[in-house]
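Going down the list, the protein sequences come from chains H and C.
Using numbering that gives the first Met the number 0, you'd call the opening residue of the first sequence number 0 and step up by one each time.
Using numbering that gives the first Met the number 0, you'd call the opening residue of the second sequence number 0 and step up by one each time.
Mixed in with the good hints there might be a few duds.
Stated by the list, open to error - List time: in silico BS3-like cross-link candidates among lysine-lysine, alpha-carbon distance up to 30 angstroms:
id : chain 1 : residue 1 : chain 2 : residue 2
1  : C       : K128      : H       : K33
2  : H       : K243      : H       : K142
3  : H       : K142      : C       : K302
4  : C       : K9        : C       : K347
5  : H       : K142      : H       : K33
6  : C       : K349      : C       : K9
Honestly, the hints are just simulated from the structure, not real lab data.
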Amino acid sequence: MPDQLIFAMEVTLNGLMAGVLYALVALGFVLIYKASGIFNYAQGVMALFAALTLVGIMEGQVPFSHLINAIFGTDVHHFSWSVPALGAILLTMAVMVFLAWAVNKIIFRHLVNQEPIILFMATIGLAYFMEGFGDMMWGSDIKKLDVGLPQGLNMVIDETTYGMFGYGFFIDNLDLIATVIAILLVSVLVIFSQYTKQGRAMRAVADDHQAALSVGVSLNFIWVMVWSLAGFVALVAGIMWGTKSGVQFSLSLIALKALPVLMLGGFTSIPGAIVGGLIIGVGEKLFEFLMGPIVGGATENWFAYVLALIFLVFRPQGLFGEKIIERV
Amino acid sequence: MFYREAGDFKTSYKADSQTFPIKFDRYRYYAVLFVAFALIPLVINDYWVNAIFMPFLIYSIAAIGLNILVGYCGQVSLGTGGFMAVGAYAVYKLMTAFPEVNIFFHVILAGGITAFVGVLFGLPSLRIKGFYLAVATLAAQFFLVWLFNRVPWFYNYSASGQISAPERTVFGIEVTGANTDAWATYLFCLVFTFVCALIARNLTRGAQGRKWMAIRDMDIAAEIIGVDPLKAKLSAFAVSSFFVGISGALFFAVYLGAVEVGEVFGINKSFLVLFMVIIGGLGSIFGSFAGAAFLVLLPVFLKNALVGGLGWPTDLAAHLEFMIVGALIIVFLIAEPHGLAQLWRVAKEKLRLWPFPH
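If we strip away everything but chain C, and leave its shape as in the complex, we get:
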């Protein structure tokens, strides 16, 4: 009744091909943006930022990146953790080498460097496919983490082998280091998340996105109708790694502040982001947000409910979390391979008619 396209007339091609052609969708989108940019920064505090909002925003970027590669282009990658590490170490080297340049540009440059590394490790995808490729991307994961652990140049010869973010400002307001305000770090991440989502959304519904999807559905057939697999696959690796690199840079510089590479960017990180993509929905930008929100909230919820509510020991809650995440992956793959995004789509279809039967 409320959600419908009837009476929503378009008088130009531009209006017809906009991102949210249905009025209700569009207003909801503006409302979400308004709440995210204007309301939340006013009421937010340190706990909410560190426990929920910042991980959610940063993982969303990583999930969008991986979704482009896995969901749109069909190239399964298990190297996300390694690529996030590239972003983190790139931004660290840039921050310490050029302290006078705004950190905003450092983060973007870090994304660019990660894109380059991603293309390098994406090269084998031209020869190998399916899970041979999935396993091959593990090479990136292990090699990159080892490299950052063992070559002192990357962590500026610090004694602990860790990297820690120096204090940097945007418009005179600190966004990294120890003395940051909750709203400043939140807004900094939000801007990146918003722009990344916008870029990804428009890339995937344009010509490039169609090429990726053609490669995903059947690469030989795509090649026959004129899609260049070299360009399509490598561009997917580049764009995906760009996003993943930005999320790694933010994860280190803004969220954690100090990082030990093996712990933070290990193989579990790769799986976590992959799970976000699967649970959220393969081939959907909204799904990336939904999956990230789900897997960020689940441990917080379990911890509060089991440890805080029932008084269980934390290790037991952690084991249960593993079981629940694993079971959810299987349930989603069996019952709803398109994830939360598909549930959302079905709900919208229902809303079109509700409360009438036809």
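Pulled out of the complex, with its shape left as it was, chain H reads as follows:
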């Protein structure tokens, strides 16, 4: 087999893995959008916030230590304990649930029945607020996140492919784990929304929230639940990306990676998010591999958007989205 083809295969595999991570973020968007019609731009910042909180709790950082130091002239930064990974994850989840409750109580209850684009802009405001809040709470320096996930070259795949092609593929263990977790997460979410009482209520709200209200579904509860679920997905995405490249501001930019995935897959479809993520992941890695050297590299920044844009011109509702019908 020619070298070029083998490299292309490796790139494709890595693209699939990256695509799974994009899909993971996109999933959070779809959940909230389906249940409340809010396109949540703050999803990426939620992932950053979750990861920051997780690191902060694990290392026993004092929240708002910078602020306290600046006001009172003290010099506090860490408590004398550290929390094991599992406990910290549970505590972070509690924080995310509280956040979901607060966001609904303070912001979105007052914006019910507003136009979708107003809600979208409100979430941009929320993203800005949480970015400043997270940095103020935990400090803006780059942090290392280690919850005990394996990292580095996967020896089994390396050796197997070496035996087959005479060239060992480089696949990161972390990417493999992320793929497994993403598949598990999606299955759990699908089962949850299809076969449980709360899941049915969630779908009812998504369908028509006035009708759902009239048969006794509590809108507030469902919205808080959905935002908590999105917070949970954000936490998982935050752990994966944070372990991969450190917990820092750029983590919030994964939201920007997930947007074209959504456009491609359709805003309302969970399978769409997965398929869209895979297409974008493979597409941008292959494009960078084939065209990058010719046009100057770093095409990953825009390729996904342009692909989604061209695609939308032909199919405005995305691959799996519901058909948009407009009436006067």
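Starting from the known structure of chain H, fit chain C onto it as the hints suggest.
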């Protein structure tokens, strides 16, 4: 008592349809122009120009441009930073290619080039709507910034990859480069801001503005009553990008002087201008000025109060700024979706009766 239309009689259609039909408004407008053109240039110094006046004037143009697209025509765009970059690089290429032509024309031409690019990226708006379109305009943002970063022709093969403005004059007075006077750069920007605002104001209250607003309120209904969505949407993209391009050109050539595209015209710039439009007021020219002034002054104020006054570290002040801006956006969207401009309108209504109850 002072602000009222009673006794203000019009005897011609022209007088009735002027921009400021109420006498008090008109005199206030002349007074503002007089202060801006005649008084401020006399007393201004470098700090005031660079910290407040120039960013305010330039962002005002960008906000007016975006307001035409978002506030009047209802097409949300997140590509403002990218379009500003087009204006900046267009003026740079023109300035270096035709040094003998006055920079005044370069800036206007840069606006024209940006308008063309804007129409190109506005084409999908005919098929896709709402936040699908908002996300699609992000394609413009990322693609344009990447293009200016990677294709050496745009930055004239300079080693640093930056562009820097050569020295150019208007009527023999330098307005770009290192040796400019505060009043000269201020007046240069002010002229552009004034003309842009005038054009925008008259466009939006004429037939074209009504078409845009019809498209914004409901595009299918507008199409049925005879508004051509193709023309209305693309003209909104063109006019909007024209203004945004001019502001990008001024931002680079007059204000900063040297630009690294990813830093200056990144996605944060797009959001900043969008926030100006939201806080100032969607669908209001005055609101664009108010929003620009607010978001230019807020960081200056916070920096002076927190860093200078309380002695906080600068990064903490920056975080607080993020929180305040984000919270303000939400507060405005909930409490006053029409922004500062609406507060201004309400205040004027109150003034009509004040100090009498009825």
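Structure-based check of all given hints:
The straight-line distance between the Cα atoms of K128 of chain C and K33 of chain H is roughly 18 angstroms, inside the 30 angstroms bound, and the hint therefore holds. Among the hinted pairs, K243 of chain H with K142 of chain H is consistent with the structure: their alpha-carbon atoms are about 12 angstroms apart, no more than 30 angstroms. Between K142 of chain H and K302 of chain C the alpha-carbon distance is near 27 angstroms, which keeps this suggested pair within the 30 angstroms criterion. With a C-alpha separation of about 21 angstroms, the suggested pair K9 of chain C and K347 of chain C falls inside the 30 angstroms cut-off, and the hint holds.
For the given pair, K142 of chain H sits about 34 angstroms from K33 of chain H by alpha-carbon distance, which is inconsistent with the 30 angstroms threshold. Distance hint between K349 of chain C and K9 of chain C is fulfilled; the C-alpha atoms sit about 24 angstroms from each other, no more than 30 angstroms.
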